[in-house]
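Engineer: Take these sequences, add in the hints, and give me the full structure.
There are 2 protein chains.
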Amino acid sequence: MGFYNKYLATTKAQKTYVCIGLDSDIIKLPQAVRKEPNPMLAFNKRIIDATHQYVAAYKPNLAFYISQGAKGIDTLLQTCQYIPKQIPIIIDVKAGDIGNTMQQYAHSFFKHFKADAITINILMGKDVIEACLQITGSFVFALAITSNPSANDFFKHHELDSTLAKAINQVSAKRIGAVVGATQGSDLATMRNLMPKHIFLIPGIGAQGGSVESVCKYTKHSPENPLFLINSSRGIIFADTSLHFATTAQKETIKLRNQINNSL
Amino acid sequence: MGFYNKYLATTKAQKTYVCIGLDSDIIKLPQAVRKEPNPMLAFNKRIIDATHQYVAAYKPNLAFYISQGAKGIDTLLQTCQYIPKQIPIIIDVKAGDIGNTMQQYAHSFFKHFKADAITINILMGKDVIEACLQITGSFVFALAITSNPSANDFFKHHELDSTLAKAINQVSAKRIGAVVGATQGSDLATMRNLMPKHIFLIPGIGAQGGSVESVCKYTKHSPENPLFLINSSRGIIFADTSLHFATTAQKETIKLRNQINNSL
Numbered sequence: 685m686g687f688y689n690k691y692l693a694t695t696k697a698q699k700t701y702v703c704i705g706l707d708s709d710i711i712k713l714p715q716a717v718r719k720e721p722n723p724m725l726a727f728n729k730r731i732i733d734a735t736h737q738y739v740a741a742y743k744p745n746l747a748f749y750i751s752q753g754a755k756g757i758d759t760l761l762q763t764c765q766y767i768p769k770q771i772p773i774i775i776d777v778k779a780g781d782i783g784n785t786m787q788q789y790a791h792s793f794f795k796h797f798k799a800d801a802i803t804i805n806i807l808m809g810k811d812v813i814e815a816c817l818q819i820t821g822s823f824v825f826a827l828a829i830t831s832n833p834s835a836n837d838f839f840k841h842h843e844l845d846s847t848l849a850k851a852i853n854q855v856s857a858k859r860i861g862a863v864v865g866a867t868q869g870s871d872l873a874t875m876r877n878l879m880p881k882h883i884f885l886i887p888g889i890g891a892q893g894g895s896v897e898s899v900c901k902y903t904k905h906s907p908e909n910p911l912f913l914i915n916s917s918r919g920i921i922f923a924d925t926s927l928h929f930a931t932t933a934q935k936e937t938i939k940l941r942n943q944i945n946n947s948l
Numbered sequence: 685m686g687f688y689n690k691y692l693a694t695t696k697a698q699k700t701y702v703c704i705g706l707d708s709d710i711i712k713l714p715q716a717v718r719k720e721p722n723p724m725l726a727f728n729k730r731i732i733d734a735t736h737q738y739v740a741a742y743k744p745n746l747a748f749y750i751s752q753g754a755k756g757i758d759t760l761l762q763t764c765q766y767i768p769k770q771i772p773i774i775i776d777v778k779a780g781d782i783g784n785t786m787q788q789y790a791h792s793f794f795k796h797f798k799a800d801a802i803t804i805n806i807l808m809g810k811d812v813i814e815a816c817l818q819i820t821g822s823f824v825f826a827l828a829i830t831s832n833p834s835a836n837d838f839f840k841h842h843e844l845d846s847t848l849a850k851a852i853n854q855v856s857a858k859r860i861g862a863v864v865g866a867t868q869g870s871d872l873a874t875m876r877n878l879m880p881k882h883i884f885l886i887p888g889i890g891a892q893g894g895s896v897e898s899v900c901k902y903t904k905h906s907p908e909n910p911l912f913l914i915n916s917s918r919g920i921i922f923a924d925t926s927l928h929f930a931t932t933a934q935k936e937t938i939k940l941r942n943q944i945n946n947s948l
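Protein chains in written order, with our numbering: chain S, 685 to 948; chain F, 685 to 948.
Everything labelled a hint here was simulated from the structure, so no lab data went into it.
Worth double-checking, as some hints may not be accurate.
Identical chains share a label here; the pair holds if one copy fits it or two copies do between them.
[Said to hold, decoys possible] Calculated pairs, DSS-like style, for lysine-lysine (alpha carbon to alpha carbon, straight line, at most 30 Å):
id	residue 1	residue 2
1	939	840
2	810	712
3	719	755
4	690	881
As the structure is a computational prediction, the values presented were derived from the model and not from experiment.
Structural biologist: If you want it as structure tokens, here you go:
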């Protein structure tokens with residue numbers, strides 16, 4: 685049904701805006717899965733089993749899979765296949781190419797991996813967006829402003845972030861959303877003003893310093909339909925590396941879900 | 685020995701500045717290789733056999749490999765292994781992530797695929813560069829300005845391209861180069877002024893409209909050591925899709941090599 689409708693249906697049904705980043709770094713995996721034939725896949729399956737009732741999306745980052753070569757790419761595929769159909773999958777690849785090349789990425793992620801959305805980097809211009817949108821039913825999250833320490837090097841160059849937001853806003857909210865870093869303080873409200881109807885994918889809470897309360901206050905579209913996903917990766921999947929890692933991941937997911945819902 | 689020294693050694697030994705983009709789109713492969721067990725790999729091997737004496741680098745673009753899933757990633761690995769050791773490999777991935785995530789990409793491309801360089805997108809700031817450079821011996825080409833029609837949407841936003849170039853210029857030319865699109869006219873000279881000692885990776889000649897003569901005139905560091913690579917992808921690898929595709933690719937490579945050398 686496409687990412688946008690799937691997002692609306694899942695967030696309504698599960699009353700959650702939590703996105704779990706499946707950044708399943710092989711060297712950080714708990715001892716409990718290391719003897720499995722495919723430890724990353726075993727880990728992801730247990731995390732998904734424990735959390736799927738409490739999440740609005742899963743977001744595997746390509747880097748952690750391609751670092752394992754062909755086997756890692758197969759793990760990514762099997763992970764995507766394991767995620768329950770009603771939960772949207774966002775592959776975090778920050779792809780930023782054009783024309784035929786970008787279409788190859790889009791075809792790969794939307795058709796082969798059956799992602800519902802991917803993240804993109806539109807530094808090369810509108811050509812990047814257009815190439816993606818040629819794939820029927822595709823949905824992309826374009827970087828508007830990120831949460832890392834050096835985000836201001838270029839995003840704040842003469843308010844490039846606002847210029848990116850305006851370009852995103854020109855495309856239907858049913859086809860594109862924006863990555864907006866949680867650490868950006870007052871810019872969060874500016875971003876929502878510039879993109880009133882677009883879904884925000886928000887990284888950077890917790891370890892990176894963003895606050896759930898300020899994210900909710902400044903970026904929600906409305907309390908019933910905030911039009912955002914708040915991502916947590918390590919704070920959930922590696923909260924505990926004991927035998928009980930999956931149970932702890934579930935608890936952390938529920939905690940974040942409640943914290944968001946209480947702040948809406 | 686690292687990309688920078690390999691580039692200097694190979695360009696001196698082979699007197700060529702041609703980079704071949706191995707954008708081996710599976711649907712464009714010649715009939716002659718389609719019955720092979722792995723048509724993309726068979727195609728790449730025949731292109732490499734026919735051209736390696738005349739090139740300064742090969743540049744496979746990740747998109748065309750990941751579009752084939754795990755098998756495509758294995759093809760990329762086998763292609764990298766097949767390229768003669770003295771010829772630098774640039775994996776075109778335009779990666780643009782940070783911290784631990786970017787290090788996963790860097791580790792993957794430099795250690796697993798044994799690339800000599802990768803392309804990166806530094807929209808997220810200096811964090812992107814720093815994460816890559818933590819891998820010993822790594823070399824990156826950062827997008828400074830590209831050759832596509834919409835490149836000016838953001839690269840020209842208050843001369844962001846110049847700001848990117850200045851950031852690139854702050855890092856040793858032995859660790860970073862710049863992607864500078866051939867179609868950018870007078871900006872080519874500006875880019876060289878801003879990055880006098882850095883190697884330029886230049887896409888966009890031929891089909892995209894950039895001229896070899898103007899690229900050489902405006903971006904060469906010196907006739908003996910122009911510090912650039914001029915990339916051609918489709919113009920070489922898909923110049924001919926008959927049985928003689930490899931011979932034609934060789935002829936086109938030699939033609940481009942001579943055209944560049946005559947313009948220095």
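Engineer: Run through the hints listed earlier and report the numbers of any the structure violates, in increasing order.
Structural biologist: 1
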